[in-house]
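Undergrad: If you want the building blocks of each chain, they are given just below.
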Amino acid sequence: MNLQMVDPRIKILLLLTISSAALIFPHPFSLAALLVLALFILMAGGLKPVQVWVKARGLCGLILMLFLIQCLFNRAGEPLLWLFNMPIVTDFGLNTALLVSLRLLIIVLSAMIVLFGESRDYLLALTQCKVPYEIAFMVLAALRFLPILREEAQDVICAAQLRGLRIKKTGLFHKLKVYISLMLPVVAGAIHRAEQLSFAMEARAFRANSHRSSMRRLRLRVVDVFYALVILMAVIAIAFIPLLTIN
Amino acid sequence: MITVEQITYLYPHSDTPIFQDFSAHFKRGEIVAVSGKNGSGKTTLSKLLAGILQPQKGSVCIDGLSTKSQDLFEIGQKVGYLFQNPNRQLFCETVFREITFGLNNQGLKKQQATEKADYYLNYFNLASYRDDYPGHLSHGEKQRLALAAVLALGTDYVVLDEPTIGLDMLRRRELGELLLKLCKESNCGIVLICQEAEFMARYAERELVIPV
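Keeping their order, the protein sequence lines are chains A and B.
Residue numbers for the first sequence follow the numbering used here, beginning at 1 and rising by one.
Residue numbers for the second sequence follow the numbering used here, beginning at 1 and rising by one.
Among the hints, erroneous ones may be present.
Derived DSBU-like pairs: lysine-lysine, alpha-carbon spacing no greater than 35 Å straight-line [what the hints assert, rightly or not]: (1) B:Lys27 - B:Lys68; (2) A:Lys175 - B:Lys184; (3) A:Lys177 - B:Lys181; (4) B:Lys181 - B:Lys27; (5) A:Lys168 - B:Lys78; (6) B:Lys184 - B:Lys68; (7) A:Lys169 - B:Lys37; (8) B:Lys110 - A:Lys169; (9) A:Lys177 - A:Lys130; (10) A:Lys175 - B:Lys110; (11) A:Lys130 - B:Lys78; (12) A:Lys177 - B:Lys184; (13) B:Lys68 - A:Lys130; (14) A:Lys168 - B:Lys27; (15) B:Lys57 - B:Lys68.
Hints listed in this document are in silico derivations from the structure and should not be mistaken for laboratory results.
Chain A with its partners taken away, still in its complex shape (with noise of 0.2 Å):
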């Protein structure tokens, strides 16, 4: 089903249920059906494959980093490869690093599914969902900021570069200090930014009236239901893929 279509309050409740989903399974092979059903989701819903390549490539090197870590660095469990007499993988460090991986990607990929659709329309779905106009309107402020704090973190690594930091050849715990620097004014900016937005808001009234009324409403169609029960039977039926693999 096209997600542009779908209720907002469907697409917050999947993310929600499939991203809960992705950390309480503690099995890989549930895992592995949930990222499927995610993906299923997305493609099902009007996404090419290359544009979920495009918005999740950026984490594959924090995820490969996790995996790493979590597989050479966790001890407990049998010995699966050794190196010169010392275990390096074991089967519990492995089991951990398959987890923790599968559970970023499927959290990532679920925050997908609000990627369709307006803004103003998961701030009436948040607002007919008993949520404080002014918190869901922060929450989604504080959403529309975030790519311009990224292009704005983006100049100032720029800024340094052509004044002449190397940031490529120095070393990760440098490089972790010079980062942390840097970020120091984009941090600064945006907290000096809300304070300008909201001296902005309040000079247009904003919570002058306590209830705010809305011309739109959103309204749940016997579709978007059956849609969501579908989805939610197939996340109960992928907890049980284990005792299915167990007999």
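Here the structure of chain A is known, so what remains is to put chain B in place on it, guided by the hints.
TA: What follows is chain B alone, placed relative to chain A:
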């Protein structure tokens, strides 16, 4: 010379390229003003010249070397770049360190770097803020500091994206005179992204109008 050859540039979120088969050149020892309507791609062109963005087709070469084959710190030794928003290029703890940051990276000795930084602090009337945090300056002061930090590097080319924003009449004239001095004495090539017809007419030798 900076040569832009048959470039095509498309932003990831856009369907239509902002530049298609666009060519231009910028020589040392001349001030070129780049103008055009809002959204025509002036800032994009300036970022392409500084190697911050890379064209999908065509090439941008600085003295014969493509920006694709160089790291930003290598480009920074030849091209100084002033961002439109000074907040995006001020990241040091003090005004003084903001200027010496680039000079130290160039390998200048401490005394030389201090002398040069003090010269530019005086020139841009920022000496009284020497040990202040750059974030506490006004917009005009930040703009002057960002300019000072870029010009102090003494690069062969300088790309300035809207340098006159936030400057009063007197400081605009001083900036114009400094650019002329840099151009004549150091044979520096200056690319000036600007909206002000009067400033451009007074200080630029050539105007490049970007078509929409």
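Undergrad: Is the straight-line distance between the alpha-carbon of Lys184 of chain B and that of Lys68 of chain B 35 Å or less?
TA: holds, 30 Å
Undergrad: Would you mind confirming whether the straight-line C-alpha gap from Lys169 of chain A to Lys37 of chain B stays at or under 35 Å?
TA: Cα-Cα ~40 Å, so violated.
Undergrad: Decide if the proposed pair is consistent with the structure: Lys168 of chain A and Lys27 of chain B, CA atoms, cutoff 35 Å inclusive.
TA: holds, 30 Å
Undergrad: Does Lys130 of chain A sit within 35 Å of Lys68 of chain B, going by the straight-line distance between their CA atoms?
TA: violated, 52 Å
Undergrad: Does Lys78 of chain B sit within 35 Å of Lys168 of chain A, going by the straight-line distance between their CA atoms?
TA: holds, 19 Å
Undergrad: Taking only the CA atoms, is the gap from Lys57 of chain B to Lys68 of chain B under or equal to 35 Å?
TA: Measuring from Cα to Cα gives roughly 11 Å; hence the hint holds.
Undergrad: Just to be careful, I want the Cα atoms of Lys181 of chain B and Lys27 of chain B compared with a cutoff of 35 Å; is the pair within it?
TA: Cα-Cα ~16 Å, so holds.
Undergrad: Given the hint that Lys177 of chain A pairs with Lys184 of chain B, test it: the Cα-Cα distance must not exceed 35 Å.
TA: violated, 40 Å
Undergrad: Does Lys184 of chain B sit within 35 Å of Lys175 of chain A, going by the straight-line distance between their CA atoms?
TA: Not OK: Lys175 of chain A and Lys184 of chain B at ~39 Å, beyond 35 Å, violated.
Undergrad: Within a Cα-Cα threshold of 35 Å, do Lys110 of chain B and Lys169 of chain A meet the stated pairing?
TA: holds, 23 Å
Undergrad: Going straight from one Cα to the other, do Lys130 of chain A and Lys78 of chain B come out at no more than 35 Å?
TA: violated, 58 Å
Undergrad: CA of Lys175 of chain A to CA of Lys110 of chain B, is that 35 Å or under?
TA: Holds, at roughly 23 Å.
Comparing the model with each earlier hint shows violations of hints 2, 3, 7, 9, 11, 12, 13; every other hint is respected.
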